[in-house]
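Going line by line, the protein sequences match chains A and B. In terms of the working numbering, the first sequence has 154 at position 6, counting the first letter as 1, and numbering is strictly consecutive. In terms of the working numbering, the second sequence has 261 at position 113, counting the first letter as 1, and numbering is strictly consecutive.
Any given hint might turn out to be false.
For chains that are exact copies, the list does not tell them apart, and a pair is met inside one copy or across any two.
[Unchecked claim] Listed next, the in silico BS3-like pairs over lysine-lysine satisfying Cα-Cα at most 30 Å (straight line):
no.	residue 1	residue 2
1	Lys345	Lys358
2	Lys317	Lys272
3	Lys272	Lys372
4	Lys358	Lys272
5	Lys272	Lys345
6	Lys340	Lys372
7	Lys317	Lys345
8	Lys340	Lys317
Simulated from the structure, these hints should not be mistaken for lab results.
Number of protein chains: 2
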Amino acid sequence: MSALAGHFYAVGVGPGAPDLVTLRAARLIESADVIIVPRSENGQCSLAHETIRELLGAQEVMEHASPMTRDQEKTRACWAQMAEFVCERCGRGQSMVQVTIGDPMIYSTCAYLMELLSERLGGKRMHIVPGISAFQAAASRLGECLTLQEDRMTLMPATDLEAVECALKSCETLVLYKAGGCLNELRALLEKNGALKQANLVCYVEQDGKEVLRPMMEVAPDFKPGYMATLIVRMGRREWNASGTADQ
Amino acid sequence: MSALAGHFYAVGVGPGAPDLVTLRAARLIESADVIIVPRSENGQCSLAHETIRELLGAQEVMEHASPMTRDQEKTRACWAQMAEFVCERCGRGQSMVQVTIGDPMIYSTCAYLMELLSERLGGKRMHIVPGISAFQAAASRLGECLTLQEDRMTLMPATDLEAVECALKSCETLVLYKAGGCLNELRALLEKNGALKQANLVCYVEQDGKEVLRPMMEVAPDFKPGYMATLIVRMGRREWNASGTADQ
Numbered sequence: 149m150s151a152l153a154g155h156f157y158a159v160g161v162g163p164g165a166p167d168l169v170t171l172r173a174a175r176l177i178e179s180a181d182v183i184i185v186p187r188s189e190n191g192q193c194s195l196a197h198e199t200i201r202e203l204l205g206a207q208e209v210m211e212h213a214s215p216m217t218r219d220q221e222k223t224r225a226c227w228a229q230m231a232e233f234v235c236e237r238c239g240r241g242q243s244m245v246q247v248t249i250g251d252p253m254i255y256s257t258c259a260y261l262m263e264l265l266s267e268r269l270g271g272k273r274m275h276i277v278p279g280i281s282a283f284q285a286a287a288s289r290l291g292e293c294l295t296l297q298e299d300r301m302t303l304m305p306a307t308d309l310e311a312v313e314c315a316l317k318s319c320e321t322l323v324l325y326k327a328g329g330c331l332n333e334l335r336a337l338l339e340k341n342g343a344l345k346q347a348n349l350v351c352y353v354e355q356d357g358k359e360v361l362r363p364m365m366e367v368a369p370d371f372k373p374g375y376m377a378t379l380i381v382r383m384g385r386r387e388w389n390a391s392g393t394a395d396q
Numbered sequence: 149m150s151a152l153a154g155h156f157y158a159v160g161v162g163p164g165a166p167d168l169v170t171l172r173a174a175r176l177i178e179s180a181d182v183i184i185v186p187r188s189e190n191g192q193c194s195l196a197h198e199t200i201r202e203l204l205g206a207q208e209v210m211e212h213a214s215p216m217t218r219d220q221e222k223t224r225a226c227w228a229q230m231a232e233f234v235c236e237r238c239g240r241g242q243s244m245v246q247v248t249i250g251d252p253m254i255y256s257t258c259a260y261l262m263e264l265l266s267e268r269l270g271g272k273r274m275h276i277v278p279g280i281s282a283f284q285a286a287a288s289r290l291g292e293c294l295t296l297q298e299d300r301m302t303l304m305p306a307t308d309l310e311a312v313e314c315a316l317k318s319c320e321t322l323v324l325y326k327a328g329g330c331l332n333e334l335r336a337l338l339e340k341n342g343a344l345k346q347a348n349l350v351c352y353v354e355q356d357g358k359e360v361l362r363p364m365m366e367v368a369p370d371f372k373p374g375y376m377a378t379l380i381v382r383m384g385r386r387e388w389n390a391s392g393t394a395d396q
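Could you put together the complete structure from these sequences and hints?
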């Protein structure tokens, strides 16, 4: 599948390993006229940009700084500008790919851009390509089966501890994103709920030389995991019973 | 990454489109000595086998029938036999890839084989490669953002309606697998909970000529979606508020 003239593609490139990109994503990136990559805060190459470096040749690469703020107005204004740019270029017949780490439909800022574009470009000229999300790469690296049979898995940010405690009681597997900012609070919460032994921390998954895979029991209180760390808590199993319904 | 002699790889190949395979999966499949593919019930090629057809050349392809039964004993016996075979071949220095539709860590029968192999092969000779799960492909095809900001997403089978009703109340996005067997019961449940309008059904996602994407409101009572259909229900949003915590 080559990128079509005048079309826009939101493309997930997986967790950061260049070979965890899908064949479809690779072909679209290789064939598009313009590639939009996130700009890193510190002036270095972003992880998404690094991930696709081997696929870049003659394409125009445009860095886009997404606002690292929770101010909804500022975020929307910034993406409105980008939407303007995309519509102008697509109108001139260029093919455009926006790359995003992970999967575009899972906690990705490209949702804002797509919302704006869907009004202006129309659905037929917009495409989304799924990517491997960090939790999947983390589970694979840990060898931790996320769900079997009747299991329920919940994925959420670790930031609201009250909501995390609720979720612990209503699923077999809990996956927490952004666990890095409140690791000691999470440890206390897991211990209180008898779940500390079943928790594994994954930082910088699939990133060469930086990856950390560690049971939460062995994580030192002063360990700095990076904001984007993932915590996987395997609470239990909901197996089939003889009647074919769930047996808790 | 080429497949190493004496190593075993559980490889996810995505939802069924050959180009939604990752580069890593493709290279491992191309380079392995033996490929284990699921055998379909009806004697035809399985979806996983079809998905990787273009990557097959001189490799030995072994079809494996996994028991379509909820009898745990039978399932384990069947996989024990396969584990025996894998260990014997790996012991002779062959590289082996087991392919699985979707992601090996998400409702995949290969979990049984991996559990048996981990005791016998040891972790260093076993590898898992994540794949795009059907819910991700479904969300991308629908253009339905699964999670943003503080949203919680729960993934579960649709088979236990009581558990489904509970889940509807404790997440922003509910993804139901195996929705095909109880579609009318699900419709009634969603209607009762004021969620019918936010539900979309996806069948045979990314399968050429067979794919169905449809709002549940428009699904006829006699529609036969196939057992593996996915239902995505977007209940609401949990946005950041000014203090940086979740605002329901």
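Status of the hints after comparison with the structure:
no.	hint	result
1	Lys345 to Lys358	within (24 Å within a copy, 44 Å between copies)
2	Lys317 to Lys272	neither (42 Å within a copy, 34 Å between copies)
3	Lys272 to Lys372	between (45 Å within a copy, 27 Å between copies)
4	Lys358 to Lys272	between (40 Å within a copy, 19 Å between copies)
5	Lys272 to Lys345	between (48 Å within a copy, 23 Å between copies)
6	Lys340 to Lys372	within (22 Å within a copy, 46 Å between copies)
7	Lys317 to Lys345	both (16 Å within a copy, 28 Å between copies)
8	Lys340 to Lys317	both (12 Å within a copy, 24 Å between copies)
When held up to the earlier numbered hints, the structure conflicts with hint 2 and nothing else.
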